[in-house]
Amino acid sequence: GAVVSQHPSRVICKSGTSVKIECRSLDFQATTMFWYRQFPKQSLMLMATSNEGSKATYEQGVEKDKFLINHASLTLSTLTVTSAHPEDSSFYICSARDRLAGLIETQYFGPGTRLLVL
Amino acid sequence: GENVEQHPSTLSVQEGDSAVIKCTYSDSASNYFPWYKQELGKRPQLIIDIRSNVGEKKDQRIAVTLNKTAKHFSLHITETQPEDSAVYFCAAKGTYKYIFGTGTRLKVLA
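One line per chain: the protein sequences are F and S, in this order. The letter at position 91 of the first sequence is residue 296 when you use the numbering used here, and the numbering goes up by one with no holes. The letter at position 55 of the second sequence is residue 338 when you use the numbering used here, and the numbering goes up by one with no holes.
Think of the hints as simulated: they come from the structure by calculation, not from any bench. The beta carbon of each residue, even a glycine, is placed where N, CA and C say it ideally should be. There may be inaccurate statements among the hints.
[Stated by the list, open to error] With beta-carbon atoms standing in for the labels, derived distance ranges:
| # | chain 1 | residue 1 | chain 2 | residue 2 | range |
| --- | --- | --- | --- | --- | --- |
| 1 | S | Y379 | F | S223 | 24 to 34 Å |
| 2 | F | L281 | S | D300 | 40 to 50 Å |
| 3 | S | Q343 | F | A207 | 31 to 41 Å |
| 4 | F | L305 | S | G338 | 23 to 33 Å |
| 5 | F | R304 | S | A312 | 18 to 28 Å |
[Stated by the list, open to error] PhoX-like, lysine-lysine: derived pairs with alpha carbons at most 25 Å apart:
| # | chain 1 | residue 1 | chain 2 | residue 2 |
| --- | --- | --- | --- | --- |
| 6 | S | K305 | F | K225 |
| 7 | F | K269 | S | K380 |
| 8 | S | K341 | F | K246 |
| 9 | F | K246 | S | K325 |
| 10 | F | K219 | F | K271 |
| 11 | F | K271 | S | K390 |
| 12 | S | K305 | F | K246 |
| 13 | F | K260 | S | K390 |
| 14 | F | K246 | S | K390 |
| 15 | S | K325 | F | K225 |
Kindly generate the complete structure, drawing on both the sequences and the hints.
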């Protein structure tokens, strides 16, 4: 149980294009999903919290117009990197918390998406 | 702001020895402390967690201790094996989000 998938696992794109990354909770519903960015040999940095049916909450320093988040259902959140540039190249990981988990705080991570912008 | 410090950044131990990784958090409202293991290019995997109302938790070779007064928590791995080699992250959950430590690269030498 508690499986989170991400698609695509790897994407290479040209500078200026937009890239959409999907995060799905496969066997549970998630009212909240989290998007992280991880640079090589560094920690996970929270970019934004995705809330089902409402606007995402962005962390300080994260451009909401550049990193568009949509959480249209209880099992799907998408992150769109708009007008991607080489500095956006990174490993993007989502996580989700089971809506029915109650006091259990565990977040389950997706496998990550490696983005390379040329 | 909220911060989690993690030490050491790298740790090499001989197979069979113990490994200890320490974290310190700043947000006194933090109430949940998970530890994740991440292998190269893969997702973080939860290995153990502890809530603020518990001082210690053990699961086979892995244990976590929490000192709320000092805002410290530690991961202890005993009888280390080569497959324990990975990057380990601590995290502290405050009001709604996790703050991750900077990671510890553990290398278990055979």
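Mind checking the alpha carbons of F:K271 and S:K390 for me, to see if they're no more than 25 Å apart? 38 Å, violated
Consistency of beta-carbon spacing, S:A312 to F:R304, with hint 18 to 28 Å: 23 Å, holds
Range hint 31 to 41 Å: satisfied by the CB atoms of S:Q343 and F:A207? 20 Å, violated
Given the hint that F:K246 pairs with S:K390, test it: the Cα-Cα distance must not exceed 25 Å. 14 Å, holds
Taken at face value, is the distance from the CA of F:K225 to the CA of S:K325 at most 25 Å? 20 Å, holds
23 to 33 Å as the expected CB spacing between S:G338 and F:L305, which holds or is violated: About 28 Å separates the Cβ atoms of F:L305 and S:G338, which means 23 to 33 Å holds.
Take a look at whether the Cβ-Cβ distance between S:Y379 and F:S223 falls inside 24 to 34 Å. 28 Å, holds
With a cut-off of 25 Å on the C-alpha distance, tell me whether S:K305 and F:K246 pass. This hinted pair holds, its Cα atoms lying about 18 Å apart.
Distance restraint between F:K269 and S:K380, which requires alpha-carbon spacing of 25 Å or less: 18 Å, holds
Lying within 40 to 50 Å: is that true of the beta-carbon distance F:L281 to S:D300? 45 Å, holds
Taking 25 Å as the top limit, are the C-alpha atoms of S:K305 and F:K225 close enough? 37 Å, violated
Pair hint F:K246 and S:K325, alpha-carbon separation not exceeding 25 Å: 12 Å, holds
When each numbered hint is compared with the structure, violations occur for hints 3, 6, 8, 11, 13.
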